[in-house]
Structure formats: C-alpha cells, structure tokens
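Here the structure of chain A is known, so what remains is to put chain B in place on it, guided by the hints.
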Amino acid sequence: MKKIEAVIKPFKLEDVKDALTEIGVFGMTVTEVRGFGRQKGHKEAYRGTEYTVEFLPKTKIEVVVPDNLAERVVETLIRTAKTGSIGDGKIFVMNLSEVIRIRTGETGDRAL
Amino acid sequence: MKTIAQQRVIVSLLMVSGIVAWMTLGVAVNGVMAQTTTEAPPATSAPAPGGTPPTAAPAPPAKIDTGDTAWVLTSSALVLAMTAPGLALFYGGMVREKNALGTIMQSFIILCLISVQWVLWGYSLSFGPDVKGIVGSLAWMGLNGVAMDQPNADYAATIPHQAYMIFQAMFAVITVALISGAYAERMKFSSFLVFSLLWATFIYDPLAHWVWGKGGWIGTNGGLGALDFAGGTVVHISSGVSGLACALVLGRRLGYGKEHMAPHNLPMTVLGASLLWFGWFGFNAGSAVAAGALATSAFVVTNTATAAAALAWMVAEWLYRGKPTVLGAASGAVAGLVAITPASGFVGPLSSIIIGAGAGFFCYVAVIVKSRLGYDDSLDAFGVHGIGGTWGALATGLFASKAINSGGADGLFFGNPGQLWLQFIAVLAAWVLAFVGTFVILKIVDWTMGLRVSNDEEQLGLDLSQHEERAYS
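Same order as they appear, the protein sequences are chains A and B.
-7 is the number of the first residue of the first sequence in our numbering; add one for each residue after it.
37 is the number of the first residue of the second sequence in our numbering; add one for each residue after it.
If we strip away everything but chain A, and leave its shape as in the complex, we get (with noise of 0.2 Å):
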C-alpha cells in the first residue's frame, strides 16, 4: 500500500476530488494548512502597517491506495491540479505498512 499525500492549491480541491473518486479512490482526508516553498508569499497593509505574509494558504490530501493504483493516483493529482504557475505544490509518496478498519478489524488492502 502507499500513502499519497499532496499540497495543491485550496480552489482545486474539488477538480482534484472528483477525478481521483472517478478513478476508484474511495476515501481521502483533506486538511487547511500553510506553509511556503518556491512560490513568494505576499504583503497585507492594515492602515500605516505592512506585513510580508511568507505561509500561504494551501489544501493537504492524503489518500491511502493499493500498490496497483499508485501511479494512476499521482497521474490524475499532476493532471487536476496543475495550473502550470508557481505554487502548484508537492505530492509525496510514501510506503505503508499497515492500515486497519476499526469497525471490524480488517487489515491491509481490504481495509481500503
């Protein structure tokens, strides 16, 4: 199994959702989160004072699926949330040794 987690940009959410539900990712976990890599943050003015804001805004996925469907995950999460201009974001993909249903104690891939 692996784990696939992304940090897209928070308005592709939906495109990425509905494409990776479309190609049998049944589950997946979204998070708000901040943070800067490549992409330069921006100023905020409030009446005399500026700030530079360096942690952007972004939208973390994490979804879990059977080694089989790994690759075609990644290809829909490049091919629905690329805009082409800095600041896209990452996906990491990552091995996992275990994953269980708390309901009825399933492990592995029949736990997906």
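Quick caveat, the hints were computed from the structure, so don't treat them as lab data.
The model shown is predicted, which means the values in this text are computed figures rather than measured ones.
Possibly wrong hints are sitting among the right ones.
Said to hold, decoys possible - With a Cα cut of at most 25 Å, we get these calculated SDA-like pairs of lysine to any residue:
| no. | chain 1 | residue 1 | chain 2 | residue 2 |
| --- | --- | --- | --- | --- |
| 1 | A | Lys82 | A | Met(-7) |
| 2 | A | Lys35 | B | Phe397 |
| 3 | B | Lys359 | A | Phe47 |
| 4 | A | Lys35 | B | Leu363 |
| 5 | A | Lys35 | B | Leu355 |
Relative to chain A, chain B alone:
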C-alpha cells in the same frame, strides 16, 4: 512578587470603592429632600411667547416640546449604539483573535460603568452649578434637582432636563470607550476599570464643563466663545490625546513590529464603522437638542463629510500604496465623523466636504507617520480621534457661518479671524488637560496596581487571561 501585587490591587480597589461609597453617601444625604419632588421652575426658564403675565400667580410650567423630546431620546439611543455595538465591533475586529472578547468587553463595560458614574456624580461635575468656570458643583449628585418633567433652559429649553442628562451620558460613555483603542491588547482589566472611572471623573467631567457647562470658561455658554457643537474638543481631542498618553506610558505590545498583528475580522470592523456612522446622526443632529432645521443641517453635513472623508482616505492610500483598502475606507469614514463633529451645527454642506476630505487625508498621514515614530497606538485612537478632532475644531474656526446657525459665530472664511484663535485656545486647553491629566492618572494606577497584564497573559491573550473565555470556540 505576587503577594505585593495582590496587596496593591486590594489597596487600589479599596481606594476606588472608598470614593464611590463616599460619593454615594453624599448623594443619598442630598437626595432625601428632593428625591420625589422637582425643583420649582426657575424664574428665567422658557420665556413664554408674548411675555410673562405680570402677576404673582405661580409661573406657568415650562413648555416641553414632544417632538424635541422624542428626537433627543431617540438620539440618546443612537449614541448608545455607537459604543455598543458600534465601537465594540469596530475595535473588536481590528485586534487579534485572542483579544477579541476582551476588547469588546472594554467598550461594553465602560457603557455600564460610566452610565452609573454619570448619574451619581458625573453629570453634576459636568453640567452642575458652575464653580469658577472650572467644574460643576456636586449639587446635582444623584440627579438631585435634575427634573424629569421640567426643562433646564441653560441647556435645552424644550425637553425635560433628564432627557438632556441621558443624552449627555452617552457622550461621556463613548469618550471613555474611544481611548481603549490606544491600550488595546495589553491592559489589565481591573486597572482598566479604575483608570476609566478616574479619567471620566477628573478629565472628561471638567472638560465637558469648560466647553458646554453653564459658566464654563471655554465655551459659548458664558465662556470665551469657542465653538464645539457636538464634541470635537470634549470627546475626540480628549480621548485621542489621552490615547497618545496611554500608548506612551504603557509601551508597545509584545512582538510589536515583528509579529503579525493584522486585524482578525475586518467585516466586523466595517460593520462597527457603519454602526458608528448610523449612531453619529444622534450624536451630531441630536446635539441641536431640538427636532428642526438645525438638526437637519447637522444631519446633512455629517453624512456628507463622512462620505468625503472615506473617499479621501481611500484615494490617498491608493495613490501612496497602490491599493484602496476596506479598512482605509472605514477608517476614513470614522475620521470624517470625528472632524465634522465640532462643526456640524455651524457649517454648510460644501464646507463639510472640505472638512471631511481634510480629515481623511490628515488622519491617513497620521497613521503612516505613527508607524515611522514607533509608538504603539494599537488601533489609532490618537491618529483618528486626536488628529481628526484637532482638525475639526480648527476647521470650525475656518468654516463656521452665522447663516447656518445664528446662535454660533462666523469663522475666518466668513470674515471673523478671531474665531480661529478661540478655537486654537480650546484645542490647546483640551490637549493639555487630556495629556497631563491622563499621564498622572496612568502613573497613579501603575504605581498602585500596575497597568499591563504579565507577558504570559499577553501572549495568551486577554480573552483567556482576563476573562477565561474564548471568542470563537
């Protein structure tokens, strides 16, 4: 040492409760005689049209105008809405999330605290029988002799004296609350209460007497003749300049200049600013203390100046920084309201556009300069109210016209340069009393109970450290 700090708190709370108890006792003793009866109508009140009949019969009851009374009572409620929810939301949105409730609480509880102070002794010190032009006597403590069914012709000849009193109560309330913008996010709640009570008693009440009280040395009611229709000196210079003193004495917030201190909820701030605008019609048009032409004129110039000021701030910011901001437009509107306040009963609509536009511009410059000077007037109480109030008071000396209000005076542009000088004296007097008086009160409170919350409490936020609550849970 915690124990010493606690002792200090106890000592100062005892001091304050001693003052309160003593004054309340005085009120009770005074009130025994006149609690249920109103004073006989003063001989000079309400000159009847056609002359007073030359008989020894009881003087005819002074004529109370129901329309005027309805307008002044309505205006009182409008001015209340300026403090809570208006100012509470305006300031509450501008602080960080962890201080939202604490900041809202400051406006709300001042409304409660000063409402009681005003009835017990504040109104008497401000508007009571004159003592050497400096302060009112304590003769009206507990509203002793302040009739609910008789006018006081010295202040408003056609409404019950108590209607005038409660209208003025709302002015005292918001003035004290305005200062809280300067010490936001770092003042200890107990010290804040003591400071507010002392400030209302020793700064606001005398200053209101100087400018508006019968016999006060600055105003038009037996004084030099400086014009202040609705409180440019009494309300805005006093609160704004006192705010500057607070910012200097308390020092900056922890992390000022390094940490992100952006407003946590600007929609709340815009809602607050809009409610201030709404309530300000009571403040300015209500200050005519009658429902008629003067109230109408004040209403019109208040709206016009406010709109012009919001536009001016927005354009100034757009030119200087490249973007028009929502906070800028809202702040500009408040600056315009401030500046038109002293002039609102004396100037025409075109003058009000200039006064408003000047306010938007000058106050924007003031908040830019503040960030260069490095003192931490958190929410710009001085930048908006101190500068806007000063500009408004001086502009009254430029643009006032007897064509608008025959009871007022002409300003410089209407052939009377002397009025500008009078306005300058009033501004100077208000600045000195506010700054020096506030400085002394702050030092006394600092020595006895300390002004600021501890560093840990400040980092935690006022909501949790002072009230053990969260705004958003």
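Against which earlier hints does the structure fall short, listed by number upward? No numbers; nothing is violated.
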